[in-house]
Amino acid sequence: MSDYTPNEMMSVTAARALSGNDVCFVGIGLPSEAANLARLTHAPDLTLIYESGTLGTQPKVLPLSIGDGELCETALTTVPVPEMFRYWLQGGRVTVGFLGAAQLDCFGNINTTVIGDYDAPKVRLPGGGGAPEIAISCGEIFIVMRQSKRSLVERLDFVTSLGHGMGGNDRAERFGVTTKGPSRLITDLCVMEPDPETKAFTVTSLHPGVTREQVIENTGWEALFADEMPETPAPLAKELKALRALKKRTEKAHG
Amino acid sequence: MSDYTPNEMMSVTAARALSGNDVCFVGIGLPSEAANLARLTHAPDLTLIYESGTLGTQPKVLPLSIGDGELCETALTTVPVPEMFRYWLQGGRVTVGFLGAAQLDCFGNINTTVIGDYDAPKVRLPGGGGAPEIAISCGEIFIVMRQSKRSLVERLDFVTSLGHGMGGNDRAERFGVTTKGPSRLITDLCVMEPDPETKAFTVTSLHPGVTREQVIENTGWEALFADEMPETPAPLAKELKALRALKKRTEKAHG
Amino acid sequence: MAEFSTLEEAVAACVRDGDALAMEGFTHLIPHAAAHEVMRQGRTGLTLIRMTPDIIYDQMIGMGCASRVVFSWGGNPGVGSLHRLRDAIEQSWPNPIGVEEHSHAAMANAYDAGAAGLPCAVFRGYRGAELVRVNPNIKAVVCPFSGEELAAVPAINADVAVVHAQKASKKGDILFEGIVGVQKEAVLGAKRSIITVEEIVDDFADSGPNAVILPHWTIGHIVHVPGGAHPSYAHGYYDRDNAFYKEWDAIAKDRDGFRAWMEEHVMQGSAEDFARHRPKRTKRKRR
Amino acid sequence: MAEFSTLEEAVAACVRDGDALAMEGFTHLIPHAAAHEVMRQGRTGLTLIRMTPDIIYDQMIGMGCASRVVFSWGGNPGVGSLHRLRDAIEQSWPNPIGVEEHSHAAMANAYDAGAAGLPCAVFRGYRGAELVRVNPNIKAVVCPFSGEELAAVPAINADVAVVHAQKASKKGDILFEGIVGVQKEAVLGAKRSIITVEEIVDDFADSGPNAVILPHWTIGHIVHVPGGAHPSYAHGYYDRDNAFYKEWDAIAKDRDGFRAWMEEHVMQGSAEDFARHRPKRTKRKRR
Chain A
68 MSDYTPNEMM SVTAARALSG NDVCFVGIGL PSEAANLARL THAPDLTLIY ESGTLGTQPK
128 VLPLSIGDGE LCETALTTVP VPEMFRYWLQ GGRVTVGFLG AAQLDCFGNI NTTVIGDYDA
188 PKVRLPGGGG APEIAISCGE IFIVMRQSKR SLVERLDFVT SLGHGMGGND RAERFGVTTK
248 GPSRLITDLC VMEPDPETKA FTVTSLHPGV TREQVIENTG WEALFADEMP ETPAPLAKEL
308 KALRALKKRT EKAHG
Chain B
68 MSDYTPNEMM SVTAARALSG NDVCFVGIGL PSEAANLARL THAPDLTLIY ESGTLGTQPK
128 VLPLSIGDGE LCETALTTVP VPEMFRYWLQ GGRVTVGFLG AAQLDCFGNI NTTVIGDYDA
188 PKVRLPGGGG APEIAISCGE IFIVMRQSKR SLVERLDFVT SLGHGMGGND RAERFGVTTK
248 GPSRLITDLC VMEPDPETKA FTVTSLHPGV TREQVIENTG WEALFADEMP ETPAPLAKEL
308 KALRALKKRT EKAHG
Chain C
5 MAEFSTLEEA VAACVRDGDA LAMEGFTHLI PHAAAHEVMR QGRTGLTLIR MTPDIIYDQM
65 IGMGCASRVV FSWGGNPGVG SLHRLRDAIE QSWPNPIGVE EHSHAAMANA YDAGAAGLPC
125 AVFRGYRGAE LVRVNPNIKA VVCPFSGEEL AAVPAINADV AVVHAQKASK KGDILFEGIV
185 GVQKEAVLGA KRSIITVEEI VDDFADSGPN AVILPHWTIG HIVHVPGGAH PSYAHGYYDR
245 DNAFYKEWDA IAKDRDGFRA WMEEHVMQGS AEDFARHRPK RTKRKRR
Chain D
5 MAEFSTLEEA VAACVRDGDA LAMEGFTHLI PHAAAHEVMR QGRTGLTLIR MTPDIIYDQM
65 IGMGCASRVV FSWGGNPGVG SLHRLRDAIE QSWPNPIGVE EHSHAAMANA YDAGAAGLPC
125 AVFRGYRGAE LVRVNPNIKA VVCPFSGEEL AAVPAINADV AVVHAQKASK KGDILFEGIV
185 GVQKEAVLGA KRSIITVEEI VDDFADSGPN AVILPHWTIG HIVHVPGGAH PSYAHGYYDR
245 DNAFYKEWDA IAKDRDGFRA WMEEHVMQGS AEDFARHRPK RTKRKRR
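Protein chains in written order, with the numbering used here: chain A, 68 to 322; chain B, 68 to 322; chain C, 5 to 291; chain D, 5 to 291.
By construction, these hints were calculated from the structure, which means they are not laboratory data.
Note that the structure is predicted; figures quoted are calculated from it, not measured.
There may be inaccurate statements among the hints.
Simulated coverage check for chain C against chain D, where a stretch passes if three residues somewhere in it have a Cβ under 8 Å from a Cβ of chain D [what the hints assert, rightly or not]:
(1) 20 to 30
(2) 147 to 157
(3) 208 to 214
Even for Gly, the Cβ is constructed at its ideal location relative to N, Cα and C.
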């Protein structure tokens, strides 16, 4: 089965990173697509939380916003937003935070705030939203994003949310943050995981048909590769079917 | 109409202190009796709040506890207890806090904690409950209690909740508390109000048939009397009828 | 104490030039009709406080109402940029705009602190986040028991809170249902408030004992504006108009197109225009 | 993750000698059946945490389970003293007992902080109150914006939280209704938890979207104990037994009478005894 797009490969791979025991704090866009695909395929018991206050939600279509009515209507319960951030996120009840990024550095620090200078930005991006606290309060962080030299950068214009800081144990030592931090980066080309010592993202599997050169060309830092380099398992037919049906239902619903 | 008891005189007088515009944080016992009598007579729009989280409650019988089901069933809504103390009491939304006391001093400081030494008490009383924050967060405080030398004392064994401290502007100056504090004491003998300067409780009306000597004999501090000394208006027939019906319904309900 | 009035009266009575204004609703129940009226009354110099500026503040910023914006996520959800917000920050059009930027957790806690009558909110946040460098309203306190350093931000106490809710009772109590966001906190923390509602009912007898209700004595003005949250939504009444959120991207992209659209749809409009966005037959999905 | 079990199993698995135990329920939904089981299993050296010790802790203290009590109001509501609590504090019977005393506001905030994963709670309280002198767990922090000094107390994070609720779903989600107190906070803040419930249902389809619900993945043990809150009550199932609260005054007054009553009604009893306190026909007053 080779009839799938790089984006589909990315979503399916990201979905597989979640298990039925996870409680996942879901960002809108790619994370939401992957998390719901997981729920609709191998992880029906996966608990999804959106920052609008919806706990254990099971949307039939992907929400356009973080607070579509669909999320509330299919949730176990909906709590006020201060409670969401206090009891549920800060309370340490979320196993996986699923984030996207405009810019990412090799230590998993994320920028979604500005391109250029903060006070006179070239491009004003939406900003952090829930990310600064998602990044430190969830058990671990998965990042899903398309790969390019503009997005995987040597140096962020602005640190919106903490990854592994300057690498190594910087996260714990300088900032007193004891959660695991970014533990997986899933792109349209490969999967990366932090090196156990340096915490620099290291390619641990290449998607089918993708070469090391492609990864290097689309990484703004000096790409690192693990000693063993398996191929990321290709999407199964049932995964692609579920993903495409989900996207079709979604497009129809949002006009 | 002289056919009423001193306790009835006290409850009716305490009830009259409340108006329909008040939002009243109600303690169990005499305050609850007075507040509900007000609601059932001249102040049907009076808003009653009990610390169990019940907002705008309209019990048909007096609750035995602060959290009887009757309070919730007749409330506009019931909020969690942390919200009650944070948004509603600390938020400054309560106009009158209605408290009782085991011991009271002339500046309206209250003891409901211990008789004797805190670490080796002669009598261990129930403690403060909501009172320490009711005393500082409500717009003003009414105190209702039976009068005796043992209850109205020169010096408290323990300061459970703040009144006017050492008198004068001590409440604001030493403790930074800007609410009005105890503004009325209603007993079975008289009504007292703080002197505008010293803040010492001063008798401002005597209940019908009560003499100054009776008040002096039942006050542990040197009783003070205002220059003008009107008689507290006697209970009306309809007030006594409502009070007695309320107490009868209550006794029947609680077995 | 709650007062029933028209939207014109409520806005004229409550919203003054230079006010700090919190028009809340986390995706759900955004008070669009009220925002239109604020623009029609030509208010300027406002500090606009909102976790997600969304279309409602994109419009107000583009019409020159704002001199400052306090927010935590300024995009068009699932679509892209808020072009008017960006144009104001990047190009100072139609006027320069000050920015106070927070995280969602910080703003949610700050609203909570505002409702709770506290001067500041204390939470575990902002660790390693660069907003600490650019926002002087992010400070720290130390836990006197554990020694842990925690983040602190000032409480949000707006001059005026404006929110949309499903129901008002005839007495003026307000009921919220569904994604309830920070609306209760915004109203309780504000000096004045305007609540637009989908309907006015006798009482809330069919709601559960723990429904999210604001008593009438905590409310300023109540205005009956059916459909008044569109293109946001009112749970149980009508859905979010996701198609419009997508269209907004093109409408707001250039200055002239934006101003023309606003002139036609907002400046010449009225609160009654919103009724058409609400289906005649109320849907009553509970969950 | 939620596990359904018997009360004996749940208490044996969760409650250990010396634990800090929070058995909550603000007047409503007090987990009496679970407390009886703790006494039957003979646990000792417990730190008993509860805003209002009430009859439930009066019994446990009198039976020698406690070495310490953390509380904010220790009376029999509307009746008078808790004689066993007083006897322990005043006369060290049946054993000396340590006291950590707070105000309601402090404990409610401390439970909230425990649920929120914070080390301490910050609030405006205790001004001019003498508990500050006798309780070293009351400290202060200064607001970095206003300079106001606020009170701070440590968060409550019990080893075990035990609460009673109306419903569990078959999946193990828990629904609370009515006076919900600090139960949610006590459970979320605790390491382990036991929830006794009135009934087990398929789902909560008939509840509103904002009902007070704890998801199954936040829960330890769930035990079906109809009537398990008596003489407290379960909103919608049975009323508070106010007559028993009055009777308790005489039962608990002297040591021998108390012990005899406990032997007969608790030590020889079982969880099933509680079913008789619940009327066969469920009442479903909603408000």
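Does the structure break any of the earlier hints, and which numbers would those be? Number 1 only.
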